[in-house]
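Based on the sequences and whatever the hints tell you, model everything.
For reference, each letter of the sequence shown is one residue, going 1 to 781 in the UniProt record's numbering.
Quick caveat, the hints were computed from the structure, so don't treat them as lab data. Think of the CB as a built atom: it goes at the ideal place given N, C-alpha and C, for glycine as much as any other residue. A couple of the hints might just be wrong.
What the hints assert, rightly or not - Keeping only pairs whose Cα atoms sit at most 25 Å apart, straight-line, the calculated DSS-like set for lysine-lysine is:
{"id": "1", "residue 1": "136", "residue 2": "90"}
{"id": "2", "residue 1": "611", "residue 2": "525"}
{"id": "3", "residue 1": "90", "residue 2": "277"}
{"id": "4", "residue 1": "217", "residue 2": "535"}
{"id": "5", "residue 1": "50", "residue 2": "81"}
{"id": "6", "residue 1": "535", "residue 2": "560"}
{"id": "7", "residue 1": "310", "residue 2": "206"}
{"id": "8", "residue 1": "611", "residue 2": "770"}
{"id": "9", "residue 1": "217", "residue 2": "310"}
{"id": "10", "residue 1": "611", "residue 2": "535"}
As the list claims (entries may be wrong) - What follows is a set of in silico ranges between Cβ atoms, one per label pair, in the way DEER data are often shown:
{"id": "11", "residue 1": "277", "residue 2": "428", "range": "23 to 33 Å"}
{"id": "12", "residue 1": "246", "residue 2": "21", "range": "28 to 38 Å"}
{"id": "13", "residue 1": "594", "residue 2": "99", "range": "38 to 48 Å"}
{"id": "14", "residue 1": "683", "residue 2": "536", "range": "47 to 57 Å"}
{"id": "15", "residue 1": "747", "residue 2": "767", "range": "20 to 30 Å"}
{"id": "16", "residue 1": "432", "residue 2": "178", "range": "48 to 58 Å"}
{"id": "17", "residue 1": "627", "residue 2": "580", "range": "49 to 59 Å"}
{"id": "18", "residue 1": "401", "residue 2": "174", "range": "41 to 51 Å"}
{"id": "19", "residue 1": "171", "residue 2": "2", "range": "26 to 36 Å"}
{"id": "20", "residue 1": "277", "residue 2": "458", "range": "21 to 31 Å"}
{"id": "21", "residue 1": "367", "residue 2": "202", "range": "12 to 22 Å"}
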Amino acid sequence: MTVIRSDALTLDELRAQHPTMTHLVISPGPGHPLKDSGISVDAIDYYAGKIPILGVCMGLQAITVKYGGVVEQAGEYVHGKTSAILHDGKGLFKGLAQGVAGTRYHSLAARINSLPEELVVTSRTEGGIIMGLRHKEFSIEAVQYHPESILSEEGKLMLANFLSWKGGRWSELPEVLEPVKGFSASAPLANGAAPSPSAVPTILQKIEQQRILDVAKAKATPGYKPSDLESLIALHVPPPLISFHQRLRPSATSTSATSAVPHMALLAEVKRASPSKGDIVDASSPSAPAIALSYALAGASVISVLTEPKWFKGSLDDMRAVRAAVDALPNRPAILRKDFILDPYQIDEARVYGADTVLLIVAMLDDAKLASLYGHSVARGMEPLVEVNNAEELERALKVGAKVIGVNNRNLHDFNVDMSTTSRIADVIKEKYPERAGEVILIALSGITGRKDVERYQAQGVSAVLVGESLMRANDKGAFVKELLGLSTSVAPSSLVNGAAQVVQAAASAVVGAVTGNSTSLSHKAPLVKICGLKTPEAALTTADAGADLLGLIFVPGSKRNVSLTQAGEIISAVRAHHAGPKQAEAAAAALDTSDWFSLQASRISAHPRKPLFVGVFQNPSLETVLSTVDALGLDLVQLHGSEPTHWARLIPVPVIRAFHVDEKAEADAEEAAQLREATRPGFHALPLLDTKVSKDKGALSGGAGRVFDWAVASRLVSSRVQEGHRDLPIVLAGGLDAANVKEGVQTVRPFAVDVSGGVETNGEKDLDKIREFIRLAKEA
Numbered sequence: 001m002t003v004i005r006s007d008a009l010t011l012d013e014l015r016a017q018h019p020t021m022t023h024l025v026i027s028p029g030p031g032h033p034l035k036d037s038g039i040s041v042d043a044i045d046y047y048a049g050k051i052p053i054l055g056v057c058m059g060l061q062a063i064t065v066k067y068g069g070v071v072e073q074a075g076e077y078v079h080g081k082t083s084a085i086l087h088d089g090k091g092l093f094k095g096l097a098q099g100v101a102g103t104r105y106h107s108l109a110a111r112i113n114s115l116p117e118e119l120v121v122t123s124r125t126e127g128g129i130i131m132g133l134r135h136k137e138f139s140i141e142a143v144q145y146h147p148e149s150i151l152s153e154e155g156k157l158m159l160a161n162f163l164s165w166k167g168g169r170w171s172e173l174p175e176v177l178e179p180v181k182g183f184s185a186s187a188p189l190a191n192g193a194a195p196s197p198s199a200v201p202t203i204l205q206k207i208e209q210q211r212i213l214d215v216a217k218a219k220a221t222p223g224y225k226p227s228d229l230e231s232l233i234a235l236h237v238p239p240p241l242i243s244f245h246q247r248l249r250p251s252a253t254s255t256s257a258t259s260a261v262p263h264m265a266l267l268a269e270v271k272r273a274s275p276s277k278g279d280i281v282d283a284s285s286p287s288a289p290a291i292a293l294s295y296a297l298a299g300a301s302v303i304s305v306l307t308e309p310k311w312f313k314g315s316l317d318d319m320r321a322v323r324a325a326v327d328a329l330p331n332r333p334a335i336l337r338k339d340f341i342l343d344p345y346q347i348d349e350a351r352v353y354g355a356d357t358v359l360l361i362v363a364m365l366d367d368a369k370l371a372s373l374y375g376h377s378v379a380r381g382m383e384p385l386v387e388v389n390n391a392e393e394l395e396r397a398l399k400v401g402a403k404v405i406g407v408n409n410r411n412l413h414d415f416n417v418d419m420s421t422t423s424r425i426a427d428v429i430k431e432k433y434p435e436r437a438g439e440v441i442l443i444a445l446s447g448i449t450g451r452k453d454v455e456r457y458q459a460q461g462v463s464a465v466l467v468g469e470s471l472m473r474a475n476d477k478g479a480f481v482k483e484l485l486g487l488s489t490s491v492a493p494s495s496l497v498n499g500a501a502q503v504v505q506a507a508a509s510a511v512v513g514a515v516t517g518n519s520t521s522l523s524h525k526a527p528l529v530k531i532c533g534l535k536t537p538e539a540a541l542t543t544a545d546a547g548a549d550l551l552g553l554i555f556v557p558g559s560k561r562n563v564s565l566t567q568a569g570e571i572i573s574a575v576r577a578h579h580a581g582p583k584q585a586e587a588a589a590a591a592l593d594t595s596d597w598f599s600l601q602a603s604r605i606s607a608h609p610r611k612p613l614f615v616g617v618f619q620n621p622s623l624e625t626v627l628s629t630v631d632a633l634g635l636d637l638v639q640l641h642g643s644e645p646t647h648w649a650r651l652i653p654v655p656v657i658r659a660f661h662v663d664e665k666a667e668a669d670a671e672e673a674a675q676l677r678e679a680t681r682p683g684f685h686a687l688p689l690l691d692t693k694v695s696k697d698k699g700a701l702s703g704g705a706g707r708v709f710d711w712a713v714a715s716r717l718v719s720s721r722v723q724e725g726h727r728d729l730p731i732v733l734a735g736g737l738d739a740a741n742v743k744e745g746v747q748t749v750r751p752f753a754v755d756v757s758g759g760v761e762t763n764g765e766k767d768l769d770k771i772r773e774f775i776r777l778a779k780e781a
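Right under this line is the structure:
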């Protein structure tokens, strides 16, 4: 921004010195605009229609006289006076609440009866004095006060609105002058008196006005302007979408591991408060992501997140955290941004913060706005949930092509609940729109408190229900989800005790001892066995014949068990040729455990038809080395045994086993605890492997030292996620195992797999008898 005195240069000099000017603010003075405003009137004349112009205080008067109006004394002394401003809610005032304070520093004003036909009044004081003008064609606005004054309210928002304009004509800025409900500043006043008070606004109208203000502020925030969000979306910064419409289909809702029968879809809601009930949760309640995870693991198809901050005490950060908490679930629920959407900007916000869909409330939108927002949401890949409360709103929703319609049993104007509202709408669809009945997914919103409500709506053809307050108040949220869905709660309950917001730290707590006790699982399969450090085809064939599931080949220069690509190729070829057969070629698709990320990965590895699988072991290589080795040899898995970046697991085309190193002493330092906390992070490595820490020295080899760490650490880690509703964490147990201790290790830790190298060697070479014995004992344990 450059500030120039209005009498310090000529118009030609202004044009020459600032050829790329994008906005012009006119604020001369003191004095009268005809004799004390320098080049202000000439500048308005030249730049009108080219760039946005804002007149401040005497700048309004300069605009008035430029178009032929008269400026005179205001009729009362207003210099230094603060007045409540009544405005039209458009242009400069978009997003401002009515009655904001404006501070005058000038007692002149435009004469009402001489107002040029090119200008319209945008704001007044309660006494009728003109406080704002707008050109009908050009993007020119002016206010008769100083919005930048510390005594004026929402001045920064007004300036942000002005700076967001791009173009010299309103025709280039259609959204700036969209009609809004409320006060019309240009309506005539009787003898200068204020307009009669309007009816008391409803709850919905209050929320709507506040959200207009909130959105305008957000759009003016550096880094979050509309163009910034568009850039983030173009750069694929937001996480991938899933289809909201498909996620609600019966075939997609059956997520329970205990039943394959499709059940009604549930939209489970995360919210802290509501206008009708006040606070729903307190400081002892679990966090939003912990609640969402319990919903998801119990079978919810959609997580609805309230993001309105004033009445519902939600936030976009809540939604982003919820998305992150469920993102790695194989059949994750869709994320719904439940808010009062009035602007395409809010839809872009939802996309950036991880939503799969948004809520559009028909009662808040005229037909043009509803169609515009619906189209924008679909263009972003998000089929919206369109909310109605009566037959007329249903007709409007169907007219724009809505495929998912929610019927709010609560009237948003008075917040009264009528549970028969959804039933009436369901009947209207069947009777009046039978051709849409098979396409539209109908959802009952609000007031559902138990299984009987769900059964009632299911019998009427309703596809899904949204439950909020009842779930938020439930002590065992996972069990209540299952009850609503009519599912058994006897297997893998998703219990979440109040105060367990520390779920996100469960893995670390397990490692350092905060999480104690054994798993509630009743039985465990025999672990897979990995024999690592194989160097010859003979040893590999014997190991495979003895029943090993995983054969480890080490590609770590400096290790005594390192093999070349040539050696590895010979080993792999020999084993695969010996074990290939009709059984592998004709293997049917196995039933996989899709309850969570780690269970899915473990079940994939267990059910792999080509056994044994070859694991390439690396320690701090380049990514190129790993990828080229996988491609050259056709490795089945990769084991990262050093300090490789976590995200490499997403770049490597086969499942990754990631090693985590545990000190052999019981005491674990902070670095180790943090590292082991990462063992339970889903969405990256397929399996965590626990090995004994050998050395902290940079560049030192890790593992292979034949030393045992405290298995209690591993045992706690295995069971650390049970309180979240997960199964035991499948881990690979390594570090000092041999035939003498493997049985005890398996019984103590209950690992998914065991890994041995030095424990089956004699004089540094693989001992085939020890290999056979180790495998037998591990499988029998």
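Structure-based check of each hint:
{"no.": "1", "hint": "136 / 90", "result": "holds, 12 Å"}
{"no.": "2", "hint": "611 / 525", "result": "holds, 17 Å"}
{"no.": "3", "hint": "90 / 277", "result": "violated, 33 Å"}
{"no.": "4", "hint": "217 / 535", "result": "violated, 65 Å"}
{"no.": "5", "hint": "50 / 81", "result": "violated, 34 Å"}
{"no.": "6", "hint": "535 / 560", "result": "holds, 10 Å"}
{"no.": "7", "hint": "310 / 206", "result": "holds, 11 Å"}
{"no.": "8", "hint": "611 / 770", "result": "holds, 21 Å"}
{"no.": "9", "hint": "217 / 310", "result": "holds, 14 Å"}
{"no.": "10", "hint": "611 / 535", "result": "holds, 18 Å"}
{"no.": "11", "hint": "277 / 428: 23 to 33 Å", "result": "holds, 29 Å"}
{"no.": "12", "hint": "246 / 21: 28 to 38 Å", "result": "violated, 51 Å"}
{"no.": "13", "hint": "594 / 99: 38 to 48 Å", "result": "violated, 55 Å"}
{"no.": "14", "hint": "683 / 536: 47 to 57 Å", "result": "violated, 37 Å"}
{"no.": "15", "hint": "747 / 767: 20 to 30 Å", "result": "holds, 24 Å"}
{"no.": "16", "hint": "432 / 178: 48 to 58 Å", "result": "violated, 31 Å"}
{"no.": "17", "hint": "627 / 580: 49 to 59 Å", "result": "violated, 25 Å"}
{"no.": "18", "hint": "401 / 174: 41 to 51 Å", "result": "violated, 22 Å"}
{"no.": "19", "hint": "171 / 2: 26 to 36 Å", "result": "holds, 28 Å"}
{"no.": "20", "hint": "277 / 458: 21 to 31 Å", "result": "holds, 26 Å"}
{"no.": "21", "hint": "367 / 202: 12 to 22 Å", "result": "holds, 20 Å"}
In summary, the structure is inconsistent with hints 3, 4, 5, 12, 13, 14, 16, 17 and 18 from the numbered list given earlier, while agreeing with the others.
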